[in-house]
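**Student:** Residue strings, one per chain:
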Amino acid sequence: MSNDELETKYVATLDAFVSKPDEGLLLDAYELGRTALIQGLGVLEIASLHSRALATLLSRSATDHDRSRLMESQTNFFVEVLCPFEMTHRGFRDANGVLRRLNELLESQAKRIAFTLHDEASQLLAAVHISLAEATHDLPPEMVARFEMVKDLMSQIEDRLRSLSHELSPPVLLELGLCPALEVLADGVSKRWGFPVTVTSSLNAEIPPTVQTSLYRITQEALTNVAKHAGASRAEVEIRQTTHKLVCSVRDDGIGFDSNPISNDTQTGLGLMEIRERVAALGGVLRLQSHQNQGTDLTVEIPLEN
Amino acid sequence: MTDSDVAENRRSEVLPAVASPKAIDSPYPADEFRVQIESLEDIVIARQQARHLASKLGFSKCNLTLIATAISEIARNAVEYANGGEVVITAISSGNRRGVKIVVSDRGPGIADIPSVMRDGYSTVNRLGIGLPGTRRLMDEFEVSSESGEGTTVTMKKWAS
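Keeping their order, the protein sequence lines are chains V and U.
Counting from 1, position 235 in the first sequence corresponds to residue 235 in this note's numbering; the numbering is continuous, with no gaps.
Counting from 1, position 89 in the second sequence corresponds to residue 89 in this note's numbering; the numbering is continuous, with no gaps.
Calculated directly from the structure, the hints in this document are not laboratory data.
On a predicted model such as this, the values are computed, not experimentally measured, just so you know.
Where a beta carbon is used, it is the ideal one built from N, C-alpha and C, also for glycine.
Careful, some of the hints might be misleading.
What the hints assert, rightly or not - Okay, the calculated beta carbon distance ranges per label pair: (1) 280(V) to 123(U): 20 to 26 Å; (2) 122(U) to 9(V): 52 to 58 Å; (3) 245(V) to 123(U): 35 to 41 Å; (4) 127(V) to 122(U): 49 to 55 Å; (5) 114(U) to 1(V): 40 to 46 Å; (6) 127(V) to 141(U): 35 to 41 Å; (7) 63(V) to 150(U): 15 to 21 Å; (8) 141(U) to 42(V): 52 to 58 Å; (9) 121(U) to 234(V): 17 to 23 Å; (10) 127(V) to 114(U): 49 to 55 Å; (11) 123(U) to 47(V): 40 to 46 Å; (12) 121(U) to 42(V): 16 to 22 Å; (13) 143(U) to 69(V): 39 to 45 Å.
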């Protein structure tokens, strides 16, 4: 059914319902809403379709009596039309809840893996260090020198494990909170990729742990995108709070882009998709502004519950 | 609209006010309506009966619409995939709560894999959040049972308070 056909049928069905309300026409109303939904119409579109239909019928109504009957009946009709959208809306709410729980689950798994990597693996490595020291104690110096190489390699493994563990679950986030954790993150990115990253923050209220973790991950993902794809000479992270929301921006002065990065580059796309999902799970908004050679501004707004 | 109006206006499959087996342990007189479903017209009758019964039980207007919607969504499957079936609408109670139970059954091919048809991404309709998973969200209780080749039964309940 084309949108015009849908509209014509809508007006005719509503008209029939107003003249003689019955269950059959309510079912038709429901089916019209269902068809509209399947055809991709949004709630706003169906609402304006309804109000246009209403206007048409109002203009045809001759008497006050007709008009008041129209106004009485149209509510029942419209509720029926909206019912499929209500189902979809409930589905969206459910999915959001699932997403949120999944996020929490993943975070707790990451925490556990990080703990195992950091604490257990480094204890084992420490034990190897001690055994090595004992074993080399009585060896001639030229042999000891060869074992030094092994020790070096082991220290490198320890460093890698530690940084991996911190990336999985930054202990500083748990211990000190979001802003210090972002500073540590910025510092790490800056050292690893060789461009300065500044952090400015003004937060005054307690932020729920899930929001903290999400904002940390979003910033991490955004900075990784900047480092890998933007060719930027500097980046800045800004986080501030208004009465009802948290606003976090990651800006760079890199190459930017003109079109939608999600469709262009799978790697950046995946990172952005992750950010989008995290923001959606918290009921927030993601804004991405960029132009060729003019850098990129990624801003997320997360509503704060009172 | 009374039951006799319905019987006059519509076809004769409606068997109003048959005593329910639940009546024994229910403090309220229980109503039951059985509607054979073969076409959209029969779905109209089932919706009408459910609305009528549910409004007597004190459901809000919005909830009456949700109940009618649940019937449409499930009964349309019986019409589309199983050459029809039956809708049984019953007043139920539990403690102080009163509610309505709707059982839609058919003798169609059955559903081989119920968990997958209950998933939101299973079909176009499911992806939009309507169909079986969408209907589950409108009702308080929702159960699908099916035997391959023996048909499908969907049991749904909604409580008025």
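**Student:** Evaluate each hint against the coordinates.
**Tutor:** Each hint tested on the structure:
no.	hint	in the structure
1	280(V) to 123(U): 20 to 26 Å	23 Å, holds
2	122(U) to 9(V): 52 to 58 Å	29 Å, violated
3	245(V) to 123(U): 35 to 41 Å	37 Å, holds
4	127(V) to 122(U): 49 to 55 Å	52 Å, holds
5	114(U) to 1(V): 40 to 46 Å	32 Å, violated
6	127(V) to 141(U): 35 to 41 Å	57 Å, violated
7	63(V) to 150(U): 15 to 21 Å	57 Å, violated
8	141(U) to 42(V): 52 to 58 Å	31 Å, violated
9	121(U) to 234(V): 17 to 23 Å	42 Å, violated
10	127(V) to 114(U): 49 to 55 Å	53 Å, holds
11	123(U) to 47(V): 40 to 46 Å	27 Å, violated
12	121(U) to 42(V): 16 to 22 Å	20 Å, holds
13	143(U) to 69(V): 39 to 45 Å	42 Å, holds
Going through the hint list in order, the structure does not satisfy hints 2, 5, 6, 7, 8, 9, 11.
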